[in-house]
Structure formats: structure tokens, C-alpha cells
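Trainee: Go by the hints and put chain Z onto chain P.
Protein chains: 2
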Amino acid sequence: MNPNDRPQPGLWHLAERAQAMNPSAIREILKVTERPGILNFAGGLPSPETFPVAAMREACAAVLAEGSPVAKPSLQYASSEGLPELRQWVAAELGKQGARVSPEQVLITTGSQQGLDLVAKVLIDAGSRVLVETPTYLGALQAFTPMQPRFASVPSDEGGVSVQGLRDVLQKGERPRFVYLLPNFQNPTGRTQDAARREAIVALCREQGLPIVEDNPYGELWFDAPPPAPLLARWPEGVIYLGSFSKILAPGLRLGYVVAPPALYPKLLQAKQAADLHTPGFNQRVVAEVIKDGFLDRHVPTIRARYHAQRDAMLAALARHMAGLGVQWTQPVGGMFVWVTLPAGLNAQALLPAAVDAGMAFVPGAPFYAEQPDARTLRLSFVTATPEQIERGMAMLAGVVRQAVS
Amino acid sequence: MNPNDRPQPGLWHLAERAQAMNPSAIREILKVTERPGILNFAGGLPSPETFPVAAMREACAAVLAEGSPVAKPSLQYASSEGLPELRQWVAAELGKQGARVSPEQVLITTGSQQGLDLVAKVLIDAGSRVLVETPTYLGALQAFTPMQPRFASVPSDEGGVSVQGLRDVLQKGERPRFVYLLPNFQNPTGRTQDAARREAIVALCREQGLPIVEDNPYGELWFDAPPPAPLLARWPEGVIYLGSFSKILAPGLRLGYVVAPPALYPKLLQAKQAADLHTPGFNQRVVAEVIKDGFLDRHVPTIRARYHAQRDAMLAALARHMAGLGVQWTQPVGGMFVWVTLPAGLNAQALLPAAVDAGMAFVPGAPFYAEQPDARTLRLSFVTATPEQIERGMAMLAGVVRQAVS
Chain P
1 MNPNDRPQPG
11 LWHLAERAQA
21 MNPSAIREIL
31 KVTERPGILN
41 FAGGLPSPET
51 FPVAAMREAC
61 AAVLAEGSPV
71 AKPSLQYASS
81 EGLPELRQWV
91 AAELGKQGAR
101 VSPEQVLITT
111 GSQQGLDLVA
121 KVLIDAGSRV
131 LVETPTYLGA
141 LQAFTPMQPR
151 FASVPSDEGG
161 VSVQGLRDVL
171 QKGERPRFVY
181 LLPNFQNPTG
191 RTQDAARREA
201 IVALCREQGL
211 PIVEDNPYGE
221 LWFDAPPPAP
231 LLARWPEGVI
241 YLGSFSKILA
251 PGLRLGYVVA
261 PPALYPKLLQ
271 AKQAADLHTP
281 GFNQRVVAEV
291 IKDGFLDRHV
301 PTIRARYHAQ
311 RDAMLAALAR
321 HMAGLGVQWT
331 QPVGGMFVWV
341 TLPAGLNAQA
351 LLPAAVDAGM
361 AFVPGAPFYA
371 EQPDARTLRL
381 SFVTATPEQI
391 ERGMAMLAGV
401 VRQAVS
Chain Z
1 MNPNDRPQPG
11 LWHLAERAQA
21 MNPSAIREIL
31 KVTERPGILN
41 FAGGLPSPET
51 FPVAAMREAC
61 AAVLAEGSPV
71 AKPSLQYASS
81 EGLPELRQWV
91 AAELGKQGAR
101 VSPEQVLITT
111 GSQQGLDLVA
121 KVLIDAGSRV
131 LVETPTYLGA
141 LQAFTPMQPR
151 FASVPSDEGG
161 VSVQGLRDVL
171 QKGERPRFVY
181 LLPNFQNPTG
191 RTQDAARREA
201 IVALCREQGL
211 PIVEDNPYGE
221 LWFDAPPPAP
231 LLARWPEGVI
241 YLGSFSKILA
251 PGLRLGYVVA
261 PPALYPKLLQ
271 AKQAADLHTP
281 GFNQRVVAEV
291 IKDGFLDRHV
301 PTIRARYHAQ
311 RDAMLAALAR
321 HMAGLGVQWT
331 QPVGGMFVWV
341 TLPAGLNAQA
351 LLPAAVDAGM
361 AFVPGAPFYA
371 EQPDARTLRL
381 SFVTATPEQI
391 ERGMAMLAGV
401 VRQAVS
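Going line by line, the protein sequences match chains P and Z.
Residues in the first sequence are numbered consecutively from 1, following full-length UniProt numbering.
Residues in the second sequence are numbered consecutively from 1, following full-length UniProt numbering.
This is chain P alone, in the form it adopts within the complex (with noise of 0.2 Å):
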């Protein structure tokens, strides 16, 4: 070793919120699931099954075609808004969902996660009051640290945050900056907000001046009905709406979109600016040429088939496997998960090596709380299993359970 390289104690000065930040809870344990032949219903991924291979393929020859106008274009620097021809089809997509939005307040975003990143960065200051679910998507929690939030969770039930703690957790303390919400087959619980409790929310959040920060990464994969009008439709100028395209044609394209009021839109920008320049163009263009001639009204009834089906088979499995065990779970209309409830005094961490021992594996709840955990939940996700594997998985699962509980 050169003396030079020896550590310099003292070099580097974190700063104060970088202290804050932590290795991802969920990808340490996962770390843990990562054995080869396990059953696994831990990830939070789409099924790749689901992955337009060949669509791709051919928007990508088109878009490099020789003599291709848009090649070149598509791998320059490109603007911080984002390709108009996507955020066109986003402000259409939203008006047959009810909500006005011209293309001017759409925002492309490396992913919906970097969404989150330009949210925080924004409207969070150190020590600014924030709500969100009661559990709520860990990301967002990842998200919003860095700006050094103090979290409050809004008490929830099967059908999302209530309106009553809503109102409160607003009345204990100062004014919130926003209130994070997944209206739509939630991460972690896969559970929807119905439409009178959207009105509702809506309408107390009007009254107390509560702007609402509204995720919707899942909301086109619904079942058996789409599910009711968007926030965003409710209350126009009280919402930024972050959609995605990672679960209706791939994450590793990481494209995803804000949706801000006109007010805030400049800021937002600038945040987009500072953060990347803009998202990569070529993937841009590439998804243009995909859904362009209406490719994903196609597609996504496939993923809902597909979907569909492993729920059906993983609640028919479990309803078959925890009879009698004392356990609880989510019956979702839509989305990847389940979230599962343990008889009281069990712990679904504490039980999650028996469980990869018998060859399954799920993520404890605990890392969604941003407070107080439930430490008997767990989230099952059924998307990347086929209805056999989610019959033995549940099988398994139940197994341990009835382990732990006897």
C-alpha cells in the first residue's frame, strides 16, 4: 500500500442528512431469500413474463433504423420536460380517467422513484411535518429521508388512510408540507381507497389546506374493474399525481412521470434539471415507439389476466392452508400484493429464516412503518410464482405458522 492511501481520519465531512440515510432495510433481507430453489414472494418485481421482448426489439430497430430522423435525436442531450409525445399520452391517459391535465404539467422522470426524490427535495425541509399510510411504500420513506421529514402515519384500514385520523393526526401538530397517498392495490397491502373515501379525503384535505402527494404505480393493474377516478381528478390543483412505466411494460427502462399544479411545476423542473438533466432520451423515444399505435391496449389486459390469476390462486391458497391458524390477510382488486397478518405474539422477522428453511420466502412488514410497527405482518407478493408454486408456498408458509404457533 502507498503511504498516500492510508485513511486520513477526519477527510470526509458527512453532512448532517447523510447520517440519516440507511442501507435498505428490505435489501438486507432480501439478501436473506436469495437462496437458489426457494419459493420466492418477497421481491417487489414484475413478472418478466410480462416484458414486451419483442415489441421492444422492434421499436428499437425503428428508432435506429439507418436514415432514421428520430436515431441521432434520440441520443442527444434532450430537454428536462421530456419527449412531447410522452407527456401527451400522459395527459391523455389521465382525461379518460377524469383528470384535466394539459402536457405542460407532465414531467418525465428516471422512474417514478426519482419522482419522489424531485417531491422531497422541493417541499421537505429538515424537520418538516409529513403524513403517509399506515404501512406505506418503503421507497417513499427512502425517498423523503435524505430532506430530513418528520414522519407522521395517518391510522389506515383495509380501505386506506381514515378520513377521521386523518383529521386527527392534522389537529396534534403544525400543518404538514403534504400527505403521501396510494390510492390504488397499495405497497405493501395491496388495498384501494373506494370512491367515497376518495371524495372524502379529498374533501378534508380542501377544507385544511393539505396538499396531497398521490402515487400510482399499480393503478392499471385492476382485475375485474378500473378503480375509481384518480385524487388528481378531485382536486387539480391540491395534487402531484406520480405515475409509472415500470409495471405495464418494464422498471428497467426507469421511466416515470409527475403530473405538478402549474404553481409548482418551475420548481419541480429545476429539481429535474440539477438531478440528471433530463431522463435518458432513447428510452423515451424507444416507449414512444411502443405505445404508439395503441400497443398497450393490447398489452396490459395481458398482464391483468395474468395477475389475476395468481391472486386468485394465492388467496384460494391460503384461504385452504391458515384455516383455523388465526391469520389475516388482504383480499386486493388489483396490483402484486398481500399483505398478511400474523396471530398476536408471533413475528413475521423472527419466523423468516424457518420459513426460507422450508423453501419460501416473504418480507416482514416492519420496514413499511414509519413509525410503530405491526411486527406480525408480512407482504406476499404473487406475480413472479406460477398458481402451483403459490399453492406450495402457501403450504409452506402455513406450515411454519403452525410451528410457531403450537
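Identical copies go unnamed one by one, so any copy, or any two together, can satisfy a pair.
Derived DMTMM-like pairs (lysine to aspartate or glutamate); straight-line CA-CA distance at most 20 Å:
#1 K72 with E58
#2 K72 with E34
#3 K31 with E81
#4 K96 with E199
#5 K72 with E49
#6 K96 with D194
#7 K96 with E85
#8 K31 with E104
#9 K172 with E371
#10 K96 with D224
#11 K292 with E58
The hints are simulated quantities; they were obtained by calculation from the structure and are not laboratory data.
Owing to the predicted nature of the structure, the values given are computational and were not obtained by experimental measurement.
Mentor: Chain Z in isolation, oriented as in the chain P frame:
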């Protein structure tokens, strides 16, 4: 308008850092220059003629081929650290330049701009002192600004920051979090630190315990000889190094990287995860496919030759047309930019409308200064115009200067 759409005053409470964010001055300036038919030397874009469209087309086809084992993985969520093949490539390339780097120290980022954002999040508190060159890369000022540093400009000459100037600035205030340096063909000036300057800077930084953030987007674009070894090679544990594929392949892919000392790497990784989970896996896989058989060894020399001829054309045209006008300019030995200083009393920004009327555009230098700007300065890019256009453009610029000094 629905009454519910009416703006609710004070609904959105911006974070303090959002007040500090501003629209890019350059972006606003560039709008002035977007007149059709104008000879545009204002941009910071690489020449699209250098984009390897055919290689990209073949790589996309290979990655997405029927039965390709990497097709679906390239479209799935991926690791935050980056694709192992790219991390190994970066470490190997830096090894050739004398820097002993492990692939574990390499973090693939969504463009080099994201590297600056992550560095800012991990190292800058509100009020932290950060040292920069005079002038410096505007995008870095934009990336750092949201974390609210106090910038101090280090006096700089045609060889980069002055060592005595750096010592003086260090003595004048509290210890800075880092000094941000672009040793090779700097944006905006085109200047390069020679080996002696690098040694002296590193010696002083090591003595004073001042970490270095070394930004090297242009290093491969040398004309006659490669630049001296990077600062990273001279002080591995005191330097964060940023690199990019934007100038040697294409910026629309948004692929860059950060090389960090092992002590710092985990915090940058956590910041990366929070920012966008990971850099698009598809882009990483395609680039790994493009570069795997030594493509860059054949491709980059063609970029060098092209930019070299354009640099020659610009220096010759400046010498021819500016004779006797009291104008000075840099003599870049690589990169994309020449930096021009007009005679005392002239203001580059004030001359821009006349230049645009004459048929050419440049970027005024003022936005590149963190503190007091030199209003006489301007930046010219020589890489997106032909030698003939460069000749005409410099004649136009000289005409405008002649008009102004007469």
C-alpha cells in the same frame, strides 16, 4: 373552470432550498439563439455525427434477440450499484491511467450530472463551504445549489486553479467540504492542468485535508497526447471521481459513473437508491454490449480526429479575424470549448443580440462564475459546426466586436 380548481393561496409550502433553485441561465440564453439558420456555437452538445447509431442498433438487436438470456434481465429492476460489466470496465480504464480502483468502488449513475447530485446530498449541509474553479461548470453549480452551499471561487489561470490561490482561499474561511475540479479540457474554458499543477494541487489538498471532487467528462477527447494521470491516481483516498459515457458514446443514454473511496461509497449508494433506485438496466446492458469487443478503441479516435480538426479551424479563424481587436482566447488541447475574453469595457451578454442578428451565437461567460463574473468572457463550442461554418461564424463574431470597440 371548476371552482375547485381555483388556486388556494399558500397551499404549497416550498422548501427553503427550492427558493435557491433557479431556471438555468444558459437555458434561457439558448432560447435566444434558437433562430433557424443561425451558426450556433452556444451549445454544450457533442456532435451527433459521432453517435454510433449502427453499433447501438446491433447491440439493441443482440440484447433483445429472441432467446437472448439478457433480454428480460435488462428490462427488470437491477442493482443500485450498476451492471458488473460496466463497473469492471470503469475500473480497468482507470487502471490504465494509473488509478488503482476496485469495481466495488464504482457506482453507475444516470449521467454524470447525477453523480454531482449524489455528492451534494452526501457532503453538503446548508452553509457548507464548497470551493470551485473560476469559472466552473454551470451544471455543477446547479447540482450543488439545492443543498445550499456557500461557494468560494478559487483564482484560476490558463492551467486551472492556482495553487497559491487555493492556499489563500483555504486560509480565509472555515474548512470547505471539498474542492470541485475539472482537470481536463474544462467546461467552459477548455483549459487543462499539467502534471506539475496536479501534483501541487494534490500535495496542498492532502496537507490541508481538503477532499477533491474530480469531474472528467472530456478526458478521452484529447488531440495530440492523453492528459496527465487523474488526481484520483495521485490521491485515491481523497478524491471522488466522476466520469461519463456522454462524450464518447451518446448523452441520450444518460450513463455516467462515480468512483468513491470505500469509506464513502455506502452513503453515495444509499443516496443513489433513494434518488432513482438504479440507472436504467437496459441502457447499461446495451452499452456493455457495444463496448465489449474494444469498440471504443476504434470509435473514440474518430471523435478525437473530428474535434481536433474543428479546434484547428476555430483557432485559425479566431487568429485571422480577431487580429488587432484586443481579444484573447484559450488554446484547448482537447475537449469541446474555446473561452474568449473580449477587450476591457465590452460585455459579452450585451453583444449577444448583435451576434445573433449577424447570424451566430455564443454563450456569455457570466453564468459560469460562482462569484463575481468577468463580463467580457464567452464560450464557443467548436464541435457541432463544420470548419467552413466555424470560419464564417468567427468572421461574424469579429464583425460584432469590431463594431463594439469602434
